[in-house]
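One-letter residues, chain by chain:
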Amino acid sequence: MQDLNAPANPLETLAYIIAQQISDHSVVYIGTGIPMVAGILAKKTHAPNITLVYESGGQDPIEGDMPWSVGCPMTWRKSPTIMEMSYSFAQCYNGYVDIGFLGFAQVDMYGNVNTHMIGKDYHHPKVRLTGSGGNNDLSSLTEKMVLVGLQTPDKFPEKVDFITSVGHLTGGNSRQEAGLIGNGPAAVISPWGVYDFHPVSKRMRVKTLTPGVTFELAQQLTGFELVKPEGDIPETKLVTPEALQIIRTQVDPRGVFTQMPAA
Amino acid sequence: MAKYLYNEEAVANLRISDTSVLDRLVDFESARAAHLKKEHAKKDKRMTIGEAVDAFVKDGDVITDGGFSYVRTPHQAFYEVIRQGKKNLQMIGAPNTNQSFFITYGLVTHSHSSYTGAEMRGIDKVYDRALKAGQIQILSEWSHGGVAQAFKAAQLGVAGVFSKQMLGSDIVRYNPYLKVVQNPLKGVHDPVVFVPAIYPDISIIHCHMADKYGNAYIYGPAVNDLAVAAAARKLIITAEEIVPENDIRYNRQGQIIPFFYADAVVEMPFGALPGSMPGCYYWPRQWWEKCMRFGGASAENNKAFCDEWIMGVKNQFEFVDKLGGAKWIAEARRQTKAAEGDNEDIDFSYEEYTLKHDSGIYY
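Chains as they are written, first to last, in this note's numbering: chain A, 316 to 578; chain B, -11 to 351.
Careful: at least some of the hints might be erroneous.
As the list claims (entries may be wrong) - Computed cross-link-like contacts, EDC-like style, restricted to lysine to aspartate or glutamate with a CA-CA straight-line distance of at most 16 Å:
| hint | chain 1 | residue 1 | chain 2 | residue 2 |
| --- | --- | --- | --- | --- |
| 1 | A | Lys393 | B | Asp11 |
| 2 | A | Lys393 | A | Glu378 |
| 3 | B | Lys33 | B | Glu332 |
| 4 | A | Lys543 | A | Asp511 |
| 5 | B | Lys33 | B | Glu229 |
| 6 | A | Lys474 | A | Glu545 |
| 7 | B | Lys200 | B | Glu233 |
| 8 | B | Lys302 | B | Glu39 |
| 9 | B | Lys120 | A | Glu545 |
| 10 | A | Lys459 | A | Asp436 |
| 11 | A | Lys441 | B | Asp116 |
| 12 | A | Lys393 | B | Asp333 |
| 13 | A | Lys522 | A | Glu540 |
| 14 | A | Lys522 | A | Glu545 |
| 15 | A | Lys358 | A | Glu378 |
| 16 | B | Lys200 | B | Asp32 |
| 17 | A | Lys393 | B | Glu332 |
| 18 | B | Lys325 | A | Glu378 |
| 19 | B | Lys291 | B | Asp116 |
| 20 | B | Lys(-9) | B | Asp11 |
| 21 | B | Lys174 | A | Asp511 |
It is worth saying that the hints were derived from the structure and are not from the lab.
Fair warning: this is a prediction, and the values are worked out from it, not measured in the lab.
Take the sequences, apply the hints, and build the full model.
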């Protein structure tokens, strides 16, 4: 059982920050893990009228317990319709989805994502990861993407080891040149900061930092040169006590995604 | 002239020396010929899973994963394929979670890969080990949506579709079937990916109900299975229950696979176990945690775990007994009904399996 009075852990912080990206009345495509917590938190707080969409085909469920998987019945609980997979992603192409949230193993300076393998040699990886799943599809098609994950220099390299999903490719208008739909990643969220992309170069730029994190520290946690914004860098708004209680008592009471996973 | 002009960069990147290994998946002519040759008469196709696997799963076949990862996946039929020791299979699916059970016993040698893993339960270390050891070769990288479009193209009855997915990524550089071309109707630069229709040799699809002819009903997410059923050269339907044809006609319109796609119909209650079956049973969650965490830790662990749960049981009923029998059935039904909003909400807490804590109870 969780200690309801413990200070927020990094995963709870992350869930709250992600939830703040969601506007009410929008259609939100949700990947597995922390984005599920964030989507449901948004729905129970400032955005009660959002519609959640999941890649297994569930959409617009009546919320229940925290889904155990993106294929869990909680993702299609009394849904008016359940889409076949090809049609589910097509909703992003066709402009019905406002924002999507995805995880990454690596993200580079242009917001390209790797969930395939770590290492320089495809045939002899240090570790093989899951592959794309729906990651590429959402990144290729969704109007506005938000990427979510942990931040270390290895996880934020200058170039990802394998481009699973195109963000801003090589910067500038290279994403559009490659033929992709939508605006690409709008933000990258880690426990240490929220990053956006410079409007012209499309390089990753600091937007806000977690209280106590300086630009220099964020830079040390990054494998490439971060763009420093003009003027003071605002602090990221941290999870409020009210929101933290909602996460712990209503959204993820068993800590499926917001407690550190067991070995 | 070669029959197929594969993406040469991808063939080189994947180090495929003989591209004929790629041909079956996109060979429309042979798929159509197989569909024409099938039994089209409305005949009783019921048989046992042993008979169906023996008759229709052949060494070297391209086989699909079904359902979604561990939802309505034909696990128990897969275990029969393993027990019968089929060889040299190619596997494709979106997701392709279950090839590791085949890899453990050396059945799958080639993988068409869109996703292999079990979400928050962790990466698939069996797959990782097999790739590093050269036990399996990846023939193509995909996104989920890319595979879904390739199956859907087959069901639509078209040679392929032009997609905006996978453009600019390394996936198109590691997939011999994909070609980036200019949208032929656009006067301005507009790259699209040609995704060909794909035709697996054999699909096994687990459904809620089927009649004896093979009309089969799916409740909950169909994922890619309606398209897969139309594409596959051979199709085995396994079903939680066999119902009169009129039950399908009068009560089950919606997500239906037509009878003339099916080669075999197998009554197989608990056929999705250890996966979940919408409306019927929830996951034994600790089973998956043990599979990924204990089995993932070493090849020996994985073999021991699979030997116990796959080779150590004869059929799904022994699997149910091993999980906890009637008590498991009642609890798993209650859990899925509650998850679906068809029962009072229940407490979904459970004792998670960890390497330090194995309660011996897997639900």
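Problem - Distance restraint between Lys200/B and Glu233/B, which requires alpha-carbon spacing of 16 Å or less - result: With Cα atoms ~8 Å apart, Lys200/B and Glu233/B stay inside 16 Å; holds.
Problem - Straight-line alpha-carbon gap Lys393/A to Glu378/A, limit 16 Å - result: Cα-Cα ~9 Å, so holds.
Practice task
Take a quick look at whether Lys325/B and Glu378/A sit within 16 Å of each other, Cα to Cα.
Solution key: With Cα atoms ~14 Å apart, Lys325/B and Glu378/A stay inside 16 Å; holds.
Practice task
Sort out whether Glu545/A lies within 16 Å of Lys522/A, counting only the CA atoms.
Solution key: Within the cut-off at roughly 10 Å; holds.
Practice task
Take a quick look at whether Lys(-9)/B and Asp11/B sit within 16 Å of each other, Cα to Cα.
Solution key: This hinted pair holds, its Cα atoms lying about 9 Å apart.
Practice task
Would you mind confirming whether the straight-line C-alpha gap from Lys120/B to Glu545/A stays at or under 16 Å?
Solution key: Judged against 16 Å, a Cα distance of about 47 Å means the pair is violated.
Handout entry: Pair hint Lys459/A and Asp436/A, alpha-carbon separation not exceeding 16 Å
Key = Outside the cut-off at roughly 32 Å; violated.
Handout entry: Pair hint Lys291/B and Asp116/B, alpha-carbon separation not exceeding 16 Å
Key = holds, 15 Å
Practice task
Assess, step by step, whether the Cα of Lys393/A is no farther than 16 Å from the Cα of Glu332/B, and give holds or violated.
Solution key: holds, 14 Å
Problem - Lys543/A paired with Asp511/A [C-alpha distance capped at 16 Å] - result: holds, 11 Å
Handout entry: 16 Å Cα cutoff - pair Lys393/A, Asp333/B
Key = holds, 14 Å
Handout entry: Satisfaction of hint between Asp32/B and Lys200/B, Cα-Cα up to 16 Å
Key = holds, 5 Å
Hint violations for this structure: numbers 1, 3, 6, 9, 10, 21, all remaining hints satisfied.
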